[in-house]
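As you go down the protein sequences, you meet chains A and B in turn.
Here the first sequence is numbered in my numbering, starting from 1 and rising by one per residue.
Here the second sequence is numbered in my numbering, starting from 1 and rising by one per residue.
You can take every hint at face value.
Calculated pairs, DSSO-like style, for lysine-lysine (alpha carbon to alpha carbon, straight line, at most 27 Å):
{"hint": "1", "chain 1": "A", "residue 1": "K273", "chain 2": "B", "residue 2": "K273"}
{"hint": "2", "chain 1": "B", "residue 1": "K120", "chain 2": "B", "residue 2": "K98"}
{"hint": "3", "chain 1": "B", "residue 1": "K82", "chain 2": "B", "residue 2": "K98"}
{"hint": "4", "chain 1": "B", "residue 1": "K120", "chain 2": "A", "residue 2": "K189"}
{"hint": "5", "chain 1": "A", "residue 1": "K98", "chain 2": "A", "residue 2": "K120"}
{"hint": "6", "chain 1": "B", "residue 1": "K82", "chain 2": "A", "residue 2": "K189"}
{"hint": "7", "chain 1": "A", "residue 1": "K82", "chain 2": "B", "residue 2": "K189"}
{"hint": "8", "chain 1": "B", "residue 1": "K82", "chain 2": "B", "residue 2": "K120"}
{"hint": "9", "chain 1": "A", "residue 1": "K98", "chain 2": "A", "residue 2": "K82"}
{"hint": "10", "chain 1": "B", "residue 1": "K189", "chain 2": "A", "residue 2": "K120"}
{"hint": "11", "chain 1": "A", "residue 1": "K120", "chain 2": "A", "residue 2": "K82"}
Ranges of calculated distance between the beta carbons of each label pair, as one might list FRET restraints:
{"hint": "12", "chain 1": "A", "residue 1": "A30", "chain 2": "B", "residue 2": "A26", "range": "56 to 62 Å"}
{"hint": "13", "chain 1": "A", "residue 1": "D84", "chain 2": "B", "residue 2": "T138", "range": "41 to 47 Å"}
{"hint": "14", "chain 1": "B", "residue 1": "D72", "chain 2": "A", "residue 2": "G203", "range": "22 to 28 Å"}
{"hint": "15", "chain 1": "A", "residue 1": "S50", "chain 2": "B", "residue 2": "L263", "range": "47 to 53 Å"}
What the hints contain is simulated information worked out from the structure, not anything from laboratory work.
Glycine is no exception: its CB is placed at the ideal position from the N, C-alpha and C atoms.
The primary structure of each chain is shown beneath.
2 protein chains.
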Amino acid sequence: MSAQIIAIDAMGGDFGPRSIVQASIACLSATPSLHLTLVGQSSLLEDLVSGFSAADRARLQILGAAEVIGMDERPSQALRGKPDSSMRVALELVRDGKAQACVSAGNTGALMALSRAVLKTLPGIDRPAMVAAIPTRTGYCQLLDLGANVDCTAEQLYQFAVMGSVAAQALGVQRPRVALLNVGTEDIKGNQQVRLAANLLQGARGLNYVGFIEGDGLYRGAADVVVCDGFVGNILLKSSEGLATMVAQRIEQTFRRGLLSRLAGAVAMPLLKRVQADLAPARHNGASFLGLQGIVVKSHGAAGVEGFQSAIQRALIEIQENLPGRLHGRLEDLLK
Amino acid sequence: MSAQIIAIDAMGGDFGPRSIVQASIACLSATPSLHLTLVGQSSLLEDLVSGFSAADRARLQILGAAEVIGMDERPSQALRGKPDSSMRVALELVRDGKAQACVSAGNTGALMALSRAVLKTLPGIDRPAMVAAIPTRTGYCQLLDLGANVDCTAEQLYQFAVMGSVAAQALGVQRPRVALLNVGTEDIKGNQQVRLAANLLQGARGLNYVGFIEGDGLYRGAADVVVCDGFVGNILLKSSEGLATMVAQRIEQTFRRGLLSRLAGAVAMPLLKRVQADLAPARHNGASFLGLQGIVVKSHGAAGVEGFQSAIQRALIEIQENLPGRLHGRLEDLLK
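The following block holds chain A by itself, in its conformation from the complex (with noise of 0.2 Å):
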């Protein structure tokens, strides 16, 4: 297998460039074929590399950026403001052929606003997506729009089915199941925008579109691609992420009230931390942007070290399926 290179924008995310540098670290041990350019403030990042060893830090280079992006930024600054920004560079690498990926942890917002300027969407594609694996009851699910498109017209709908039929093929699901989120599995159920997606997608080749599905039947595994607007999939996948930090915190307290239940819970909470760990989707997988010229990947703000090595593992297989390539094929086929 040939080289993959890949752009990582050390500066963004809550846990700053050193969680960043530990996971580059970790992912170029764990793949010999994987080279990493680290795009931040020199001598930050100089500093936190000079710690591994030689052999450690073989193949990562570090590329300087002055500026940094905040969390909180509005993306039109961070568009025209931030001409050296880490994110903008680690992008123009990917434009420039000098990687074949990005990954951020930063400013959701403004990573989407330069990646659409410095990338392009792909020919057919309006406004890119962001995707992420769910875990459901008998696997995970592709969601999208995860809050890049907070209002999409049924055409958008149509194009995230078909990106995320794509993106799913690539992580390995033979004929993926496609699905519209909707408040029932009945024709006449929801707005007009899901029900005009829906007669596109009983209309369009080649892709398996089963229809409605629920909230629950998202969990219940009933589809491999489900597609809602960046609105109500940024509100599930947060609420979810609420909802099982509550059920762990509760359970947590369960085991700690009274000698018996502490007894208990010390046999009991490793079990149960190894199931905590597969409900953090978000935290655990990357989100990709969907739709544009070049692989964006898009690491949890709040993620750790594991978190942001997920994300550069999604990366590097979309590198590795040539994902934007089998897009593009699939949609020049599909909407023209």
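Here the structure of chain A is known, so what remains is to put chain B in place on it, guided by the hints.
For chain B alone, kept in the frame of chain A given last:
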């Protein structure tokens, strides 16, 4: 305290009249001032009731209604095709002052359509909303709309906020914190309806509006009333149900693998079951229709005996607190 009379649509729900009769009897023995009128197929109901003692059914009446509305029937059909349905007859008892509330576990869309047609909305309210109590880290929040209105204008979201606040007060919250569900907490986030609704709410007298809330903030307990359109609310509710079910199943599976896990499970499962029960909000609490000239509580279709009892309890509280009267007063004050 004076007597309360509640009309029960005894034919709706996935579990049928038997569970409903059982729940009704249980509520009657718990609340001496309560009277119930079971509406449905007389012979069937007489039969079910005959199994209980004369004392148990002293405050129980049966009212015949020949037709039943199916769980998958279209609301328009329920509205026009079935003049003698148990659901309609129960609502008519409220309209005619023969009952102070109606409780049904039947078809949600049909119940909403019939409620509007039979009871009418309060002055100033375009469409009623569906609200239910959702468990949070710190207690409960009232979430609305849960699916009665898939598309909402800013004005409707504003009305929901006002109604949710009055409902939370009636349920004992002193100065309910009201929030709008959104994809971020900054002013610029969200779609047009949500941003316009925020403007309206910022100017509302006597309303404790606390701004935007995200999906995880809801479960953190950051608000007492959370407002969204019915599309988003329905998907949030059902995906939460789905996730909670999935978590419960994974935990059970974990405790079935190997001897040690089984032992741990034997001690831990009773504790975990309690956590689980707390987390099935929709199944365990009734959802109220707000904005009608009368009280209507919808029990979850898949609710068992306990779920239906909770729905009757919610109706009881709303009668005691005179919720429609309070809503009317507040709306006259605010919206006019």
